[in-house]
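S.K.: Chain residues, written in single-letter form:
There are 2 protein chains.
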Amino acid sequence: MNRIQQLFGIQHPIIQAGMIWCSGWELASAVSNAGGLGIIGAGSMYPEVLRDQIQKCQAATNRPFAVNVPLLYPSIEEHMASIVELKVPIVFTSAGNPKAWTQHLKSHGIKVVHVVSSVKFGLKAQAAGVDAVVAEGFEAGGHNGREETTTMCLVPAVSEALDVPVIAAGGIGGSRSILAAFALGAEGVQIGSRFVATHESSAHQAFKERVIAAKEGDTALRLKPLTPVRLLDNPFAQQVAAAEANGSDLEALSELLGRGRAKRGMFEGDLEEGELEIGQVSGQIDAIVPAAQVVEELVQGYHALTHGMTEPRFRW
Amino acid sequence: MNRIQQLFGIQHPIIQAGMIWCSGWELASAVSNAGGLGIIGAGSMYPEVLRDQIQKCQAATNRPFAVNVPLLYPSIEEHMASIVELKVPIVFTSAGNPKAWTQHLKSHGIKVVHVVSSVKFGLKAQAAGVDAVVAEGFEAGGHNGREETTTMCLVPAVSEALDVPVIAAGGIGGSRSILAAFALGAEGVQIGSRFVATHESSAHQAFKERVIAAKEGDTALRLKPLTPVRLLDNPFAQQVAAAEANGSDLEALSELLGRGRAKRGMFEGDLEEGELEIGQVSGQIDAIVPAAQVVEELVQGYHALTHGMTEPRFRW
Chain A
986 MNRIQQLFGI QHPIIQAGMI WCSGWELASA VSNAGGLGII GAGSMYPEVL RDQIQKCQAA
1046 TNRPFAVNVP LLYPSIEEHM ASIVELKVPI VFTSAGNPKA WTQHLKSHGI KVVHVVSSVK
1106 FGLKAQAAGV DAVVAEGFEA GGHNGREETT TMCLVPAVSE ALDVPVIAAG GIGGSRSILA
1166 AFALGAEGVQ IGSRFVATHE SSAHQAFKER VIAAKEGDTA LRLKPLTPVR LLDNPFAQQV
1226 AAAEANGSDL EALSELLGRG RAKRGMFEGD LEEGELEIGQ VSGQIDAIVP AAQVVEELVQ
1286 GYHALTHGMT EPRFRW
Chain B
986 MNRIQQLFGI QHPIIQAGMI WCSGWELASA VSNAGGLGII GAGSMYPEVL RDQIQKCQAA
1046 TNRPFAVNVP LLYPSIEEHM ASIVELKVPI VFTSAGNPKA WTQHLKSHGI KVVHVVSSVK
1106 FGLKAQAAGV DAVVAEGFEA GGHNGREETT TMCLVPAVSE ALDVPVIAAG GIGGSRSILA
1166 AFALGAEGVQ IGSRFVATHE SSAHQAFKER VIAAKEGDTA LRLKPLTPVR LLDNPFAQQV
1226 AAAEANGSDL EALSELLGRG RAKRGMFEGD LEEGELEIGQ VSGQIDAIVP AAQVVEELVQ
1286 GYHALTHGMT EPRFRW
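Protein chains in written order, with this note's numbering: chain A, 986 to 1301; chain B, 986 to 1301.
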């Protein structure tokens, strides 16, 4: 048992990322029931939707699960009130100042984890009292740090600088990259893209199929002047790329993005005009399977790899 | 012994990257004498300089060393003629079509390795008959792939797709990242930035000191419309960033770059107007030491880590 297993009370230190439009109670409970940690992504949910999702998740699993709350969410007070009232055991926060909610949640016995993209933000999160951090690299899908530090560079630096345990995220979709993350100093991994392509993910079927069709080089970090976000290539992403190449300013990019693009792409399946957030590792994902199968394959593959470390390849 | 150790006849599968202005015979022979593979970076050398460097390297070590030749080098015929005549045992090629020289070099008994940034180019290199590939991720210093695939995503994909052994590069500066690279499927690592900050590196002392002062987020991939290159932040890099944000075209960027910027920065120590090529991992490098000490620390750290894999952190 490492510190992440102990902290969450889970069998495998494999955490399914809380993702807007993709991770509702079906996915979160499936991952938790498989021995990992499932996370409901609250960033795309109205307060009443989140309440309903938490209750459905509790009905579907007796095991620990978490809710991910972006700290810039407009109705965050309502989200946090539901989380406390419904006794959600673990909260992952992201995109904002961890000082704002950490002590409040901890005073209700809730474990708090904050997502960071640099040592600097990692130290701030630790000072705010979080129980662990997710160190998320440049290759991750969705919103992303401005420094563009990759998982390979970020995880050893954060692990070295912090005392709290580190969960690695970004570029992790198979057992090789899980072992790599542990080698870098992590005690858990957070996996997003691979869980998008599962039966239980609430992503639109067309988006799931686009994810497994993705090839290397099909994603890029876009909208950097606004908030950097890793997008899958499609006509909308190409419009953004063209606007960026022309030196469009923040306002023009914001107007181009408009509202509701992420829902339109990932939840409603508009592959042309929607925003499709996914990680670089999508290029290595080739099947839509049950979430429990993903967990099982990752765990078995990891154990095979660690037992195989007596091979000459490792033992030079 | 793994395939990379066997291929090159070296003790440790640690390869010092061939880097313009930084890796002459002093560095290459020091790394080879320490049991790794040293590489002379021929991309910044006139033909007569390379001949001299090869001969000095041969006088300084009895062990295998290599020369790195960018395939777009203007006087490449002269470089390759010297390499064959002086019986250099191993050549690393980069930045060009591996078909052009691989068979010629191999017909003279020379081992050939090509640097790639994608599975697609890896398969092309393998088809051209190379003995191994370097899979170099987005976090690496200097010139870089357009797909921006990170080491974490690139190495498992290339290792899976190719039969020839894979050397991982990009973001590797410590023993944790060496073990991570092996976990991802590599059988060797190529390390650049960490060897810039050594006594034997031919980089200007001011550049070495700037490298060890670098913090996280101090590098960025610039000049993408031209050829993507990872640069350390300085007034020149800021001029480039401003030009890019304004939507400058290829011609304007090319004019801004001008000629001789890399020499000016890395070899002559002009930290204001010079081009300073370095990897993201520079943020983790904090001392200028002998190259043999780097190799020794990496090897000992790696073995301590692999022996420590019975720890609970790994054994979940």
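If you are wondering where the hints come from, they were derived from the structure by calculation, not from laboratory data. Here the structure is a predicted model, which is why all the values come from computation and not from measurement. Don't take each hint at face value.
Unchecked claim - Derived pair list, reagent style SDA-like, types lysine to any residue, alpha-carbon separation capped at 20 Å:
| # | chain 1 | residue 1 | chain 2 | residue 2 |
| --- | --- | --- | --- | --- |
| 1 | B | LYS1209 | A | MET986 |
| 2 | A | LYS1072 | A | ARG1131 |
| 3 | A | LYS1105 | B | LYS1209 |
| 4 | B | LYS1209 | A | ALA1205 |
Said to hold, decoys possible - Anything over 12 Å on all C-beta distances counts as not near chain B; from chain A, calculated:
| # | residue |
| --- | --- |
| 5 | GLY1159 |
| 6 | GLN1269 |
| 7 | ALA1272 |
The C-beta atom is built at its ideal place from N, Cα and C for all residues, glycine as well.
S.K.: Next step is simple, just say for each hint if it's right about the structure.
M.R.: Structure-based check of all given hints:
1. B/LYS1209 with A/MET986: Status violated; Cα separation ~45 Å.
2. A/LYS1072 with A/ARG1131: violated, 34 Å
3. A/LYS1105 with B/LYS1209: Violated: A/LYS1105 and B/LYS1209 sit about 28 Å apart, past 20 Å.
4. B/LYS1209 with A/ALA1205: Holds. B/LYS1209 to A/ALA1205 sits at ~13 Å (cutoff 20 Å).
5. GLY1159: Per Cβ check, A/GLY1159 is inside 12 Å of chain B; nearest 6 Å; violated.
6. GLN1269: violated, 6 Å
7. ALA1272: Fine: 15 Å to the nearest Cβ keeps A/ALA1272 off the interface.
The structure is inconsistent with the numbered hints 1, 2, 3, 5, 6, although it conforms to all the rest.
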